[in-house]
Amino acid sequence: MKKPLIILTGPTAVGKTRASIGLAKALNGEIISADSMQVYKHMDIGSAKISPHEMQGIKHYLIDELEPDEEFHVVRFQEMAKKALEEIYAKNKVPIVVGGTGFYIQALLYDIDFTESNEDTTYRNELEHLAREKGAEVLHDMLRKVDPKSAEAIHANNVKRVIRALEFHKQTGAMISEHNEQERTKNSPYEFCYFVLNDERERLYERINLRIDQMLEAGLVEEVNALKEQGYTKDMVSMQGLGYKEILDYLNGDCTLEEAIYVLKRDTRHFAKRQLTWFRRERDVIWISKNDYQYDEDKILNAMLDRIRERIQICIRN
RNA sequence: GGCGCAGUAGCCAAGUGGUAAGGCAAUGGUCUGCAACACCAGUAUCCACCGGUUCAAAUCCGGUCUGCGCCU
1280 MKKPLIILTG PTAVGKTRAS IGLAKALNGE IISADSMQVY KHMDIGSAKI
1330 SPHEMQGIKH YLIDELEPDE EFHVVRFQEM AKKALEEIYA KNKVPIVVGG
1380 TGFYIQALLY DIDFTESNED TTYRNELEHL AREKGAEVLH DMLRKVDPKS
1430 AEAIHANNVK RVIRALEFHK QTGAMISEHN EQERTKNSPY EFCYFVLNDE
1480 RERLYERINL RIDQMLEAGL VEEVNALKEQ GYTKDMVSMQ GLGYKEILDY
1530 LNGDCTLEEA IYVLKRDTRH FAKRQLTWFR RERDVIWISK NDYQYDEDKI
1580 LNAMLDRIRE RIQICIRN
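So for the first sequence, the working numbering puts the first residue at 1280; every next one is plus one.
Think of the hints as simulated: they come from the structure by calculation, not from any bench.
Please note that the accuracy of each hint is not assured.
Taking lysine-lysine and the DSSO-like style, the derived pairs with C-alpha atoms no more than 30 Å apart in a straight line are [unchecked claim]:
#1 Lys-1439 / Lys-1361
#2 Lys-1370 / Lys-1282
#3 Lys-1544 / Lys-1282
I would like the entire structure built from these sequences, with the hints used as guidance.
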């Protein structure tokens, strides 16, 4: 029998964290964060990390697990999240995945196979070098020869994806386009409810702008400065998070604080938009529009619980 | 009141007689090991308004309105 899995996601700043606690309490659940930045220690303000107080005793996984100079990516997320799932199931509790990184959620939900390979990054570096020296078209042409389907699907300018496709071919001898096609047809090994919390676009943008102002008041610049002094730099995955890269530019004297804030707000809005695009094409998602429930937290919670009851046999306390 | 300069998409802006560059924003989309990443697509039947010159005007001329600067 498939095990239950609840997912609560949505664009940044929509209010996922807040809604997640009520859900966890009602379901006797524990929370797994699907957030590419909140895994990092010392990055609390900019990542809008839930505070221990806000957790209200609900156990959270994948928060504060890594140092900012460690690498984090889907595969690592998948491993860690699966381990957390096992722990939660062992306790007979319900796992609730909360976070805005759609790609990570997908990887976990459909247990996508990333065809584990060696850590060897020399080929990747080689290709990156080639792209810089001879241009993106050269790589794209190389891809066309070994995997024409991928070449058609991936725009030549999207160097990162082109490189991954080439790397995949080199390591496995197969075409990533075919691999992806197969993975796409997979059914989830879980009995799940995939909620996407949403709000009117304008309100969402207002919340984003407001939240960034609050982060600044709370000491975002100081937080980033402390990281900078610890020696963390722009090329690390953690420092590419929204709020970190922009403030780092300011601290490095590449722009004014005002400019950094403008860019941060703008890019966060762009991010929210991209997240929505992602969720729109995911199958089996349940959209929860806050305005449909008059922004009432209890109504929203009840709506989610109703949908869970319809689909999954689990015990819900009221 | 007089003189000068300006008025092009939500914003910035090129074009100065031959049938509206570009950037930003907004919007939509792609994504299967960097995903808070990376990437893509399109947006003015029209150049403040009215009239004139011309085969042809956003571009020249006259007037009106608005803004800015200077003068009285």
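Here is how each hint holds up against the structure:
Straight-line distance between C-alpha atoms of Lys-1439 and Lys-1361 comes to about 27 Å, which keeps the hinted pair within the 30 Å bound. Annotation: proposed proximity of Lys-1370 to Lys-1282 holds, straight-line Cα distance about 13 Å (limit 30 Å). Straight-line distance between C-alpha atoms of Lys-1544 and Lys-1282 comes to about 39 Å, which puts the hinted pair past the 30 Å bound.
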